[in-house]
Structures are given as structure tokens and as C-alpha cells.
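Going down the list, the sequences are from chains A and B. Under full-length UniProt numbering, the first residue of the first sequence is numbered 1, with each subsequent residue one higher. Under full-length UniProt numbering, the first residue of the second sequence is numbered 1, with each subsequent residue one higher.
These are calculated hints, taken from the structure and not from any lab test. Mixed in with the good hints there might be a few duds.
Derived list of chain B stretches under chain A, where covered just means 3 residues or more per stretch with a C-beta under 8 Å from a C-beta of chain A [to be verified]:
1. 1–13
2. 25–33
3. 66–76
4. 94–105
5. 137–144
6. 147–153
Just so it is clear, CB atoms sit at the ideal spot from N, CA and C, and this is done for glycine as well.
For reference, the chains in residue letters:
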Amino acid sequence: MDLDRLSQHLIERYQHGMPLCAEPYREMAQVLKCSEAELMTCLQRLELAGALSRVGPVFEHTRAGASTLAALAVPAERLEQVAARVSQYPEVNHNYAREHHYNLWFVVTGPHRQHLQQILDELEQDTGLTPLDLPMLSAYRIDLGFSLGGHP
Amino acid sequence: MIAPLTQEQMLDLRQCLERGLPRVSRPYDALAEQIGAHHDQVLQQMQHWHEQGLFRRVGLVLNHRALGFVANAMLVLDVPDALVDNVGQRLGRAPGVNLCYQRPRRLPQWRYNLFCMVHGRERAVVEAHIETLLAEHLLNDLPHQVLFSTHAFKQCGGRFAPPPSQVWAHG
């Protein structure tokens, strides 16, 4: 999509942190030298274009609960069906097809580890496929959003 | 002094937040109304959670695919255990690496223990960037694979807060 200057500034400036106050959008608009209404319109446009998924906190999963990266090796002809089954869970947030023998990769989050295990067990029973269960052991870099310019 | 939220209100608030802040002038007033609290209580709780490190960040959460970042590669490496922290820290600081995690091996199915995400607009550019990273950090000889994503079936925020029924059923 084509981004105008305000959208670009908004993205660059407010991915990493926004004011925690009663009227955050007004404060953001002041910094970006536009009106609150213009800012709201800009957010709405980004959302309609599919570029903005939400505004608010990204939870630190080690504190917020449990999470794991799981993968399944799905026969090509069943991929759509198994992917749909996986996506049904509200606990699954990212669910991607990747080029590999393990061709379906998804992140499962929940209040605690047992909850994740239950979902993985259910999926195994339903699909006959055994998921790889790859919880994070150490984080060397966490996702802090990305730059519109820059690498690569 | 502002009264703290009840446990139930905290849980409700977390569930609301996982779906994003309302886009109205006073979003915390709207959230306070939803959970039956005063906006000062909600803001105080937000500040508290922020200080505790419950939030990785608070801001715009973007869908990189819609912004043209359609080449999304997961680089996985099999790094000897004694070196994985060192290599992870170096790759984690490298430009263009959005995310770098150590995860367990699952032998014999899965041998790789270090995961890096690299996003870009074009596949060839991402591939070249990964080659450069591997060469610069002398990692070419380690077993590794690059898994490009071909389709996003689902992408949204994590749902950590348990549904209230599940919690209160045990209460």
C-alpha cells in the first residue's frame, strides 16, 4: 500500500511506545502536528488496508502466561483443512505455511503450560499428526516492530 | 489514593487489552466502563503492569504483510550448546533480524536450536541478507535452513488471559 507522510511518521514514532494517559491520541496528534481527528482517520485507513492489526499493548509472554511455537508436517492435500483446524483455536495467533517438510508453523498462547499441552494433544488426536513443540528457552532479541526503511 | 481493581476486573481488562485499545478520545474511560471501574483505576493498573514488565511494548501493532513486507524468512541453525548464547546474542544485534530465540531440539525430527526472523519486501534481498549475516558471523559451516512463509492463515495478538468462567469455576 502507498503510505502518506502522516502514516509513515505515525508508524515510525508509535510502534515502540505511546503515551499512557487519559487522552493518548490527542497527545500523539500534538507530537505529529496534526489534529486528533486526522490521526484517527489515519489509523482507520491503516486498519482498513489491513496494515494495522490493533493499537495497544503487546504482552510479554513469559510474564503474561505460556506460549510455544509448534509445527506440523502436513501432507500437501490436507494443508488447508489442517490449517483451518489449527486456526480455530483463539489461543493460536500466528499460523503460517512455510516451505519445509514441517510446513505448518503456529504460535499457541495460554494462561499456563498445561493449557498449551491440552491443545497440542487435541490437535494430535484430531489430525493424526504429531506437533513439534518448541517453547522459547532464551530470547536474544524480541520483536519490537520494524522499520519501514532500513534492512534488508 | 486510587483503589486497585478487583481480580475479576483485572482479568476482564487484560482480555479487553488483548483485542486492542478502543479508538476514542478517552480509551481508558471506555475500558473502565466495560469492566465497571473508574478510568483512574484503569490507568493506575496500566502503569503498574507497564512497570512490572507485563507489556513488551504499547503502541501500533502492524501487519507487515499488508505493508509490503511479504518475504518472511525463518532462519534456523544447529549451534553447539556451548556457543548458542554467544551466537544468539550476536545475531540478535545484527541489522534486519527482528527476532532471535533459542528453542529446544527435538531429535531425531528437529535438530535446530536457534531461530531468527528476517522480514523484507523481496525474497531475493532477504536471501542475500541472510547469506551476508551467515558469512559475517562465520556461521556458514553450521547446519542451517531458511524457511520462507508462503501463506499466512492467521495473524493476531496472543490470548493469554483465561476466560473468566474457567478461572471462577475453580474459585
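Hint check, failures only: 1, 5
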